[in-house]
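Peer 1: Chains as they are written, first to last, in the working numbering: chain A, 1 to 115; chain B, 1 to 344.
It is worth saying that the hints were derived from the structure and are not from the lab.
Don't be surprised by glycine CBs; every beta carbon is placed ideally from N, CA and C.
It is possible that some hints are incorrect.
To be clear about the criterion: a stretch of chain A counts as covered by chain B if any three or more of its residues have a C-beta under 8 Å from a C-beta of chain B, and this derived list gives those stretches [to be verified]: (1) 30-39; (2) 56-65.
Quick look at which bits of chain B chain A covers, simulated, 3 or more residues with Cβ under 8 Å [claimed, not checked]: (3) 102-114; (4) 140-149; (5) 290-302.
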Amino acid sequence: MNNAGLPGTGIGGLFYLLLALSMPVVELMRSTSGRSDPGRRRQALHQFVMACSILGAVVGTVVAYLHVADVPSPLGVSGLALVTAPVVLAVLLLTVLVVGLRVWAWIVRDTEHVA
Amino acid sequence: MPLADQLTVIIPAYNEEASIADTVRSVLAQTTVPTRVIVVDDQSTDETAVLARAAGAEVICPLENTGSKAGAQNLALDLVTTPYCMAIDGDTTLAPDAIELLMRPFEGDPAVAAACGFVVPRHVSTVWERGRYVEYLLSFTFYKPTQDYYGSPLISSGCFSAYRTDRLREAGGWSERTRAEDMDLTWTFYQAGHQVRFVPDAVCYPIEPHDLDFMSKQLKRWSHGFVQNVSLHWKGILHLPFLSTVVSVALFDAVVASVIYLIVLPLLAIVLQAPLLLLVYVIDVPAVLVPVLVGAWRRGEVVRALVSLPSFFVLRTVNGFFMLEALVTEVVLRRPLLVYEKGH
Numbered sequence: 001m002n003n004a005g006l007p008g009t010g011i012g013g014l015f016y017l018l019l020a021l022s023m024p025v026v027e028l029m030r031s032t033s034g035r036s037d038p039g040r041r042r043q044a045l046h047q048f049v050m051a052c053s054i055l056g057a058v059v060g061t062v063v064a065y066l067h068v069a070d071v072p073s074p075l076g077v078s079g080l081a082l083v084t085a086p087v088v089l090a091v092l093l094l095t096v097l098v099v100g101l102r103v104w105a106w107i108v109r110d111t112e113h114v115a
Numbered sequence: 001m002p003l004a005d006q007l008t009v010i011i012p013a014y015n016e017e018a019s020i021a022d023t024v025r026s027v028l029a030q031t032t033v034p035t036r037v038i039v040v041d042d043q044s045t046d047e048t049a050v051l052a053r054a055a056g057a058e059v060i061c062p063l064e065n066t067g068s069k070a071g072a073q074n075l076a077l078d079l080v081t082t083p084y085c086m087a088i089d090g091d092t093t094l095a096p097d098a099i100e101l102l103m104r105p106f107e108g109d110p111a112v113a114a115a116c117g118f119v120v121p122r123h124v125s126t127v128w129e130r131g132r133y134v135e136y137l138l139s140f141t142f143y144k145p146t147q148d149y150y151g152s153p154l155i156s157s158g159c160f161s162a163y164r165t166d167r168l169r170e171a172g173g174w175s176e177r178t179r180a181e182d183m184d185l186t187w188t189f190y191q192a193g194h195q196v197r198f199v200p201d202a203v204c205y206p207i208e209p210h211d212l213d214f215m216s217k218q219l220k221r222w223s224h225g226f227v228q229n230v231s232l233h234w235k236g237i238l239h240l241p242f243l244s245t246v247v248s249v250a251l252f253d254a255v256v257a258s259v260i261y262l263i264v265l266p267l268l269a270i271v272l273q274a275p276l277l278l279l280v281y282v283i284d285v286p287a288v289l290v291p292v293l294v295g296a297w298r299r300g301e302v303v304r305a306l307v308s309l310p311s312f313f314v315l316r317t318v319n320g321f322f323m324l325e326a327l328v329t330e331v332v333l334r335r336p337l338l339v340y341e342k343g344h
C-alpha cells in the first residue's frame with residue numbers, strides 16, 4: 001500500500017524505502033550545488049532514520065523467524081530462501097518496472113519528436 | 001499580512017447537517033481567520049444550509065444539485081475574489097492552526113500552486129475507521145513526506161487543500177471528468193509546471209466511512225478515479241520522471257496485490273493445503289508498524305494505533321476487491337463510473 005485506498009504488495013513500500021535511504025546522498029549533492037536548506041536537511045534525515053528503522057525491523061523479524069520459529073516451509077523451501085526470495089523478486093520487479101517506464105517514456109518522446 | 005487574510009474557504013456540502021456547523025466553526029476559530037467562508041449547499045434535503053448560516057458561513061445554493069463535489073466547488077470558485085482559496089469537505093474539522101500552517105509554502109514561492117495537509121480520521125471506532133486511521137498514519141508519516149521531498153506529492157487531498165486562485169482557474173477549476181477531482185487537479189498542476197507541497201503539521205479531521213456500505217462507495221469512487229486519472233494523464237505525466245514512476249509503481253502494486261490477495265493466496269493455500277501461506281497477508285507487519293508508530297507516537301496515540309493495526313489488513317484486502325472491480329469495469333468492459341456517490 002503506498003497511498004490510502006490503494007492496496008499493495010510491498011513493491012511500493014520497497015520503492016519508498018529506497019527513496020528515503022537515498023535522501024542523504026541526494027541532499028549531499030544538493031548541498032554541494034548550494035540548493036539545500038535546513039528544512040530539507042531535517043526532512044531528509046527524518047525520513048532516512050525512519051527508513052533505517054523499517055529496514056531494521058524487517059531484518060530483525062527475519063532473523064528472529066530463522067532462529068526461533070521451527071516451522072517447516074509449506075513449499076519445502078528452506079527458511080532463508082523462503083524469506084529472501086520475495087525480497088529479491090520485489091527488487092527485480094521494481095527495477096524492471098522503473099527501467100521499462102523510462103525506456104517507454106524515451107520512446108514516446110522520440111516518436112512525438114519525429115511526428 | 002498573513003496569507004490566510006487573503007483566503008476564501010469553500011465548503012461543498014450535501015446533507016451534512018450532522019457535521020457542517022463543526023466544520024464552519026473550526027474554520028472561523030483558526031489562528032488566522034480567512035476572509036470569507038462559503039458553504040455550497042448542493043440542494044441538501046436536511047438542515048445543512050440553516051446550520052451552516054447559523055455557524056457563521058455565507059451559504060449559496062445552486063438551483064439544482066450539481067451532481068458532484070467538483071461541481072459544487074466550481075460554483076463557489078466563480079465568487080472568489082481573493083488570491084488564495086481552499087477546499088474543505090463538509091464533514092472535516094481543522095486543528096486551530098491548520099490554515100496558518102498550510103498557507104506557509106505559498107509565501108515567497110510563486111511556483112507553488114497547491115498545498116495539502118495531514119489527514120487523521122475524527123472518529124476511530126469501527127474496523128473501517130481503524131483501518132483507515134492506520135492507512136493515513138502510514139501514508140502521511142512515510143509516503144507523502146517522501147513524495148514531497150522529491151517534489152511531487154501524489155495527491156493534494158480534496159478534503160483539505162489550499163490553492164492559488166489564478167492557478168486553479170487556469171487549470172479550469174475542479175474537473176468533473178473523473179471521480180477523483182483532487183488527483184486530476186494535482187496532476188494537471190504538475191503538467192503545467194507548478195508545484196504542490198505537503199505540510200505535515202497542518203492537520204485536518206474528516207469523518208471516515210464507519211461501515212462497509214459507506215466504505216464501499218468511497219473505495220469504488222477512489223479506485224475508479226485512480227484508474228480514470230491514469231488513463232487520462234498517462235501521456236502527459238510520462239515526461240515527469242518522479243510522478244510517472246510513483247504512479248506506475250502504485251498502479252502495478254495495486255493490481256498485483258489485488259490479484260495476490262484475492263485469487264493467488266487463497267487458491268495456493270487450498271491447492272497446496274498450506275494454511276501457513278495465509279501469513280503472507282500480514283508479512284509486512286514490521287514495515288508497516290514503524291511509520292505507523294512514529295506517527296501515532298507524535299500524536300500520543302500509540303495504543304490506539306496498535307489496537308487498530310489488524311483492521312488495516314482487513315481494509316487492504318477490501319481495497320484489493322475494489323481495485324480489481326475498477327480495472328475490469330473501466331479498462332476491460334469500458335464502462336466508466338460516471339455517478340458521484342457520496343461515501344463521506
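Peer 1: Against each hint, give a clear statement of whether it holds in the structure.
Peer 2: Taking the hints in turn, this is what the structure says about them:
Given as covered by chain B, the region 30-39 of chain A fails the check, having 0 residues with a CB less than 8 Å from a CB of that chain where 3 are the minimum. Counting residues of the region 56-65 of chain A whose beta carbon lies closer than 8 Å to any beta carbon of chain B gives 4, which reaches the threshold of three, so the coverage claim holds. Counting residues of the region 102-114 of chain B whose CB falls under 8 Å from any CB of chain A gives 0; the rule of at least 3 is not met. Coverage of the region 140-149 of chain B by chain A holds [criterion: at least 3 residues with CB-CB distance below 8 Å; count 7].
Given as covered by chain A, the region 290-302 of chain B passes the check, having 3 residues with a CB less than 8 Å from a CB of that chain where 3 are the minimum.
Comparing the model with each numbered hint stated earlier shows that hints 1 and 3 do not hold.
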